[in-house]
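Novice: Chain by chain, the residues run as shown.
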Amino acid sequence: MNRRDFLQGSGAFLALPTLETFAREKRSTPPLRLMFIGFPWGVTGKNNWFPSSTGKNFDITKGLKPLAKHKNDLTIFKNISPLHNAHHPHNTLAYYLTCMNFRKSNGGIYDLISCDQLAAEKLGVNTRYSSLQLSSLGNEGAGAGLSLAWDKLGKPVPGYTDPVALFNELFGDGKVTVEQRREMIKKERSIMDAFRYQSRILERNVSKSDKDKLDEYFTSIRHIEKGLTKSEQWIDTPKPKADMTKPKKGLQGKAQIKVMYDLMVAALQTDLTRVISYRQPLNALLKELSLSNAHPINHHGGKQELIEQSIIKDQAQSELFSYLIERLKSIKEFDNSSLFDNTILTYGSGVRSGHMNIKLPIIVTGKGKGKIKPAGYVELKEDKNRLSNLWLTILQSAGLEIDSFSHSNGLIDEIRV
Amino acid sequence: MKYLTLIFLTISSIYCDDFSRKLKPFLEKHCISCHGPDKQKGKLRLDDISMNFSSLDTAEQWQFILDELNGATMPPEDEPQPSNQELTEVLETLTYQIENAKKIHKGKNREVIMRRLNKREYINTMYELTGVRLNTADVIDDQNTADYDNHGEGLYVSSFLLGKYREYAFTALDKVFSKKPLKAIRFEERSLAQVKNDWAKKQIAEIKKKNFQSNKSSGRKNNREDLRAKHDHLQSYLAQPFVDEGQVLDHNEEIHINTKKGKQGLFNGWGDYKIAIEAQVKNLKAGTKVYLVIGDRHLDISKLKDKKQVLVFNVYCQIKTNLKIKFYLDQGQGNKGKRKKRSKGEFPLIDPHAPKLILKSLAIEYNDKSIAPDAYKKIFPVAKKNTESYERYAGNVIKYFANRAYRGRKISFEFYKFLMGIYKDSIKKGIDEIEAFKEPLAIILSSPKFVYLTEVSTTNNKYISDLELAIRLSYFLWSAPPDKELHKLAFSKKLRNPSVLKQQLIRMLRDNRSRAFSEGFFNKWLQMGNLNLIEVKNSHDSGPLKYSVQLEKLLKQEPLEFFRKLLISNLSIVNMIDSDFLVLNQTLASYYKLPVQISENKFQAVKLPENSPRGGLMGMGAILAMLGNGDRSSPVLRGNFVLTKMMGLHSPEPPPNVPDLEVQTHGNIKEKLLAHQAKPQCASCHKTIDPAGFGLESFDQSGQWVGINRQNNTVVKGKLPGLGEYKNYFEQRNLLLKNKDNFAKAFIENLSSYAFARKVGFADSALISRLSAKAKKNNYLLRDIVCDIVLSNEFKMK
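Which chain is which? The protein sequence lines are A and B, in order.
Counting from 21, one number per residue, gives the positions in the first sequence under the working numbering.
Counting from 20, one number per residue, gives the positions in the second sequence under the working numbering.
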């Protein structure tokens, strides 16, 4: 057995069939799941995406058209904004889930970790993966970061960019026996010990600020060890069967995003994880639709031709999102509720259009086990419209006992039950 | 639209005193009623706000206010609004003040932060250690947002990265241990004449066999005539005088050279190929240019006019199952001799007197440069002796490798013992003696001592050690570890000697590895990465030399070659503003319409004619193309380039939340931009930026010179802050030369920042002034500047 076979299987020594996991937790109802999807470059301005009338009976705009059939399940915000409305305008997703202040070199004290990672600390204890991150290969205008997720120290968390690799990780079979796996974990632990030992020697000779840098190394080691521990816990557990076939290699554009959605649904359905984030790609989609690059489309500057293109882009994305909602609605859980009933799903961007980092396009949907409710097109009170309030509301609905997130100053009552 | 991007910029300190004079009344008039002693809406109080920008908190508070003003969220809509002039002034003052504060805060700390190898350094270091060059696209990006990629504060380590390091190490070691012969793929066709003639004769025979009868199944009426025409066409081909000397090509005729191997292509698509042809050009009238076209590359083959000879080209192109080549004539105006385009089913008779390319033979070679020929030897410099135990041999291999991976520092005994344990374990499991090295070596390649460039800082000495100096120097100039010579000098404590250090610097710059310096520093300083974000369109009048992926690759190389020329030949950096030479190859010289004959494969210095618009960075195709949106040029981006790069001024980020502009659709670019200045948020900066870039409107979006003419003579007039007005590009360039001291100082500051691998700012102002003053006396010779930086105390300080 070589190391890479092991790594391919590692972390993927895989989960119990759904019912068994739930039985382990002695559940009578399915757990609550969280999904966060972010796309770069925002949407088309001037009521091409945003409705013009608020309330439950809001008007379906061109950009939202494919979502019309889910209208009664949606909440869309008219004026939700990050507190620090002064991010670099091209940093469109870097702060989306953290509400981090990028102008400050190290961020704030509270706003280093992204809300999905915070949720994973509680929701991920009993699952194979505390959380899953999916991402685009390049940053595609999303700004800093490797995915939407940032860890406690404010370091970017990587995400899966290739559906095939993700499928292998979740459902693929490592050709390794349990014994071999145990042995590999033991070896990995010994390597981490050796690294720690070498770092300690280095630490003796470096200055205070260098020690901080070296601390990153220690943290990384600890993180790997934590992963090994989780692997050990699941070592005897067989993997779940996916309700889908292995994706084809090299999928791009719509097909790729669709299959990533399928994988997200499959991972939730089999309870491999309960928290998923996805930094959705855009470039390949634009290419497939024969549209211009994201940058000129975004900065259309009033040029009708580019605005039309931007609307086509919005529609294509809404169509994909509508597909995801449908998939969630179609999956039945063991108590006959649907996955949609048990999920809180957010979908949005960290930029509105052009260089506007305020009044973001964000949709909340999913019934979240009745913890949240759809509210249509909502205008929030000016002093309560912080983006961090949305994440706090969702985290609280998911059962986290916290009273603030980042620079939150309240909850979004409009969507709370 | 990119050219309407707002770029804030600061010009001089005259606003400093204006600050309280201008801001105070504004605050009192528009803000205090809601954010004052009586009311503090949003818990913000502005009547007692500090004006002391040296405090970071104050600067951040003001930044917040600036953002609100830029976003036009304050004052609220139902309150009285400031006038445009009022707002423009306040925005300008505040932007400048904050930018200045940032600069001061940025430079407060002079400490070099310990850092990991960045991506470029990692790839180079792996190459030196294993002989394998990892693919840039396969290695994870640094995500470093600092000014330069060697600044420690932006280089993070994560568990993900550690995992990746081991993965890359296995990839490299697999390649070394596989012992496969080096990958050179060759293709050769010695007699193209025979191939073509045999084919033509066979076709003729087949047509005759069919007796010119149409094939019924094709269902085409004219098939009979078609067959006749094809027959006659082929006959006329074979009747040409030179058909036995080679395959004969007419103008604009494309042929496909079959490079299949079985069903598969012999080559793998895009890559750097060496293509050799043996050929001759006949029937050519004087004054006609001839090209061999591969993809979009037009290779000058004028040498073939007089006699048959062999030409070799290094070309970046795409070859899989075949190589497409074309013969192309350029007679300047008119299209005499233009061959009728061959449409389907149309077979014209071939004119034997037309210009011909006679292609006798052709060869293609592809070399895989991802592994060094001596890769295996790098890891195993000596083979195991028969008398030696494998354990002893393994010990030596591991120690030797660790010593190199740790840049001259020894492996600790405990770590060594651990690695030997892993090695012996593998042997016990029956793994091959060589294969078993992979695991311990890969562990070394992700261990902290390899990953981090550490310097001992606990001794009392305020200077770094000789070995540390060698490491700093080599990562500065090569982005790679020190070589044997540097190690030797460090070991014998001679490197610190200024004359030795200078000697080494000159040697190192001449070495090919110093190309990493141009890429790490100069490319980043120019922000050349922006060119990758756009697709550049051709000019109408681009002739046979079109802007293409292949051409862009050469254009991007040009500034790097220019910088390297300044470095190695020790020339003045003022050449960046204006120079009487450029460093080019034949394709670029033709692209710039320079009448010279030089090598296609090698860049060399070319003297420019008097009054050439080229010369200096501003006339370089890649830079001009980058400063636009691909469809058209951007006076805004070009103005920003002139101010920040050519004048050494400071430029803040574009402000967020400025509402989108509706573009005015009539008028020329200048009129459109002026309309844009109606908004105070825009005018506060663009009234300075845009006029600095108008002169460059004499170049189009693809870097072609369009000149100064009746259409654009009002557009190309502009103004440079502090230097006055100019009428056109030439005057603009001359004005900039007057400002060379400021340009040089800013450039030296940037160079120092890369050299010291840290931010350079306020605390370094004395050093920068000293370096600049010395450089001025010495005509700003680049290599001497780099040398003075390396010889400075700061370069050796902890």
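Misleading hints may appear alongside valid ones.
[As the list claims (entries may be wrong)] Quick look at which bits of chain A chain B covers, simulated, 3 or more residues with Cβ under 8 Å:
hint	region
1	155 to 167
2	175 to 188
3	203 to 211
4	216 to 223
5	242 to 251
6	302 to 311
[Stated by the list, open to error] On the chain B side, residues computed to face chain A include the following (Cβ under 7 Å):
hint	residue
7	F434
8	Y435
9	M439
10	T473
11	S476
12	N480
13	F510
FYI, nobody ran anything at the bench for these hints, they're computed from the structure.
Cβ coordinates follow ideal geometry from the N, Cα and C atoms, glycine included.
Novice: Closer than 8 Å Cβ to Cβ for three or more residues is the test here. Does the region 302 to 311 of chain A pass it with chain B?
Specialist: Contact hint for the region 302 to 311 of chain A vs chain B: violated, 0 residues under 8 Å.
Novice: Given a cut of 7 Å on the nearest C-beta pair, is the interface hint for B/T473 held or broken against chain A?
Specialist: holds, 6 Å
Novice: Does B/N480 meet its interface restraint, that is, does its C-beta lie within less than 7 Å of any C-beta in chain A?
Specialist: Violated - the Cβ of B/N480 stays beyond 7 Å from chain A, reaching only about 13 Å at its closest.
Novice: Test coverage of the region 242 to 251 of chain A by chain B using CB-CB distances below 8 Å; three residues minimum.
Specialist: Satisfied; 3 residues make the cut.
Novice: Just to be careful: measuring from the Cβ of B/F510 to every Cβ in chain A, is the smallest value less than 7 Å?
Specialist: violated, 20 Å
Novice: Checking hints one by one. Is B/F434 an interface residue toward chain A, by the C-beta closer than 7 Å rule?
Specialist: holds, 6 Å
Novice: Under the criterion of a CB-CB separation shorter than 7 Å, is B/M439 in contact with chain A as hinted?
Specialist: Since chain A brings no Cβ nearer than about 12 Å to B/M439, farther than 7 Å, the hint is violated.
Novice: Has the region 216 to 223 of chain A got at least three residues whose CB is nearer than 8 Å to a CB belonging to chain B?
Specialist: holds (count 5)
Novice: Would the stated hint for B/S476 survive a check requiring a Cβ distance to chain A of less than 7 Å?
Specialist: At 4 Å from the nearest chain A Cβ, B/S476 passes the 7 Å test, so the hint holds.
Novice: Is the interface hint for B/Y435 satisfied, with its Cβ closer than 7 Å to some Cβ of chain A?
Specialist: violated, 10 Å
Novice: Checking C-beta pairs, does the region 203 to 211 of chain A have three or more residues closer than 8 Å to chain B?
Specialist: Since 3 is at least three, the answer is holds.
Novice: In terms of beta carbon proximity below 8 Å, does the region 155 to 167 of chain A have 3 or more residues touching chain B?
Specialist: holds (count 3)
Going down the numbered hints, you'll see the structure goes against 6, 8, 9, 12 and 13, while the others check out.
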